[in-house]
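Trainee: Take a look at the letters that make up each chain.
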Amino acid sequence: MQSQPVLSVTDLVKHYAVGRASLLAKRLGRTKRVLHALDGVTFDVARDETLGIVGESGCGKTTLARTMLLLTPPTSGKVRFREKELTALPNDELRKLRPKIQIVFQDPISSLDSRMRVRDIVAEPLVAADVKDRAVIRDKVAAILEKVGLSQDAMNRFPHQFSGGQRQRIGIARALVCGPEFLVLDEPTSALDASIQAQVLNLLRRLQKDMRLSSVFISHNINVVCYMSDRIAVMYAGEIVEMGPTMSMLSKPSHPYTQTLLASVPRVDPSQRRANTEITGEQPSPVSPPSGCRFHPRCPYAFEKCSQMKPEQTVVAPNHWAACHLLTK
Amino acid sequence: MQNVRLEFGTEQGIVHALRGVDLTVHENEVLGLVGESGCGKTVLGLSVLGLNPSPPAKLLEGSRILFREKDIAKLAPDEIALLRGTGISMIFQEPATSLNPVFTIGDQIAESIRLRFQRSENTNQPSSSAINDQVHEALRLVKIADPERIARRYPHELSGGMKQRAMIAMMMASKPSLLIADEPTTALDVTIQSQILRLMRDLMTEIKTSILFITHDLGVIAEIADRVAVMYAGRIVEEADVNGLFKDPLHPYTQGLLASLPKLSELDREIQQLPGSVPDAINPPGGCSFHPRCKFVMDRCRTEQPELKEVKLGHKVACYLH
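Going line by line, the protein sequences match chains H and C. Mapping the first sequence onto the numbering used here, position 232 (from 1) lands on 746, and the numbers just tick up by one. Mapping the second sequence onto the numbering used here, position 188 (from 1) lands on 256, and the numbers just tick up by one.
Since the hints were derived computationally from the structure, they do not count as laboratory data. Be a bit skeptical, because a hint or two may be false.
What the hints assert, rightly or not - When the alpha-carbon atoms are kept at most 27 Å apart in a straight line, the in silico BS3-like pairs for lysine-lysine are as follows: (1) H/Lys592 / H/Lys824; (2) C/Lys384 / C/Lys363; (3) C/Lys377 / C/Lys331; (4) H/Lys723 / C/Lys276; (5) H/Lys766 / C/Lys331; (6) C/Lys384 / C/Lys138; (7) H/Lys610 / H/Lys723; (8) H/Lys661 / C/Lys363; (9) C/Lys315 / C/Lys380.
Bound conformation, chain H alone (with noise of 0.2 Å):
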């Protein structure tokens, strides 16, 4: 990337303790067992650009969302927001720079508080954000809701009357309120329905130009991932396999996972069926992620060297790489 990065995650890793070890494996000296949740996960997010995270569900792709914006602390690693380490801050600095950095969750229902009003929603990242004079939170919170489509008498509604993609407008208005330059978009439009699904999608497409947000998609749905960013990461067993330009990534898919993932997504087009494109197997357990390159037992191509040594990014295309011994074989 050219410019200077927007946010930047290196090396993010996030263990989750499971279970309790037993007597016998503590005598042995063994601890509690662990949950790879995300695994050494890398990338860089410049201005204006959004970044596509795609995998599917267990994959690492939420916890990735809330340990970049560390609403869970991270085990390991480092998340840069412009010149500052968010990792290394301390809580109320890091407080000063959340309205820079907002996200918006997957389920409109949940996300919203049911017994609080639209406008006190919307307006709770200002409050949050010590703004205190009451005329500029009303004239902030009028103005993003009209962006994002909603009519003023919303404000005195609760989010139970309103449909599912109204509410994920006041889910993106809330999220836009401070003025944000990154955003974290958390499967924004997987509850809806697909027309809803497509009003959101532009509204959003145009709210990324208009206020020139740099951000981070990410769904388990290939098309919608592809529609929204410039460039993609594909997760599998909490790591990034492959990463490059949307259009790089559907024409020379370059891992196995890559390969099968945009195989496996439905046409929209009977006289396209495939006619063989199997994958076995599913998902490894984040417990017990296999050893090697995670994707080996279910990799059609899988050799020796694929279950032994951890394979490297090699770069197939410009700004474009994949990890898989294929590539380097």
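Take the given structure of chain H and dock chain C to it, following the hints.
Mentor: What follows is chain C alone, placed relative to chain H:
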């Protein structure tokens, strides 16, 4: 289904869930039923098996649901019960909640096999070892590599994809002539979804079952269906064979729905959006219920309801444009 109308009485008023549905599933075909949430597609699926809780559900006079020669709408509850799991089976969206957590997978499949025998005229019950063999056979049929081991597992020990396979095994063990699949792959990841879709296709040819495949996902429909019915606000608005529908959608709603999906081949083009949202089922708009969102709306659309008419060979649409 002929002119099926179904209402729910609620405190807020009467919900008109199905408002005159005509639909035919032929032998050995997959009929895809597609629509957005709240359009009535799940209620339609449930009504075939008389599974809508009544009250509040009420099937209106004149509704006919014919299965072979029998009118299900007229059958007594215990007669419908006889059809369930023998003539008609159902798979639900969420495999985790449709399996009983306190029985093993094997027990649950065995139950469906036993029921099939009880309900057939055949009086000699098979021995439990014979049933066991059939359980393993059913699991093998859904491509579970190690049926003996999986049969002893409880649902929580299996992944989502495996649970849905087990559900399918259970349904297939009863060898239904019609399978109603309500969003069977929606809760699954795409790679698993593609496995399950392929499996359902294979099984269908193997045991000659027709499938009513209910989903909101046009991509899934394009993959699996032979014919498609598009549902909007409790009515079928378009029905065609799958190629005809995707190549030449006639109803403005179908067109809008197709245009609203981001496609990998046209990423630089802005996706079209349908304005507005799905209408309220208590007070559906008069005339054609799509008219408030339709860009081709004419005066007539506001007052009269268009009938589903065949406008091309095998392609029906309910719209005054055609």
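Trainee: Would you pick out the hints that fail for this structure and give their numbers low to high?
Mentor: 3, 4
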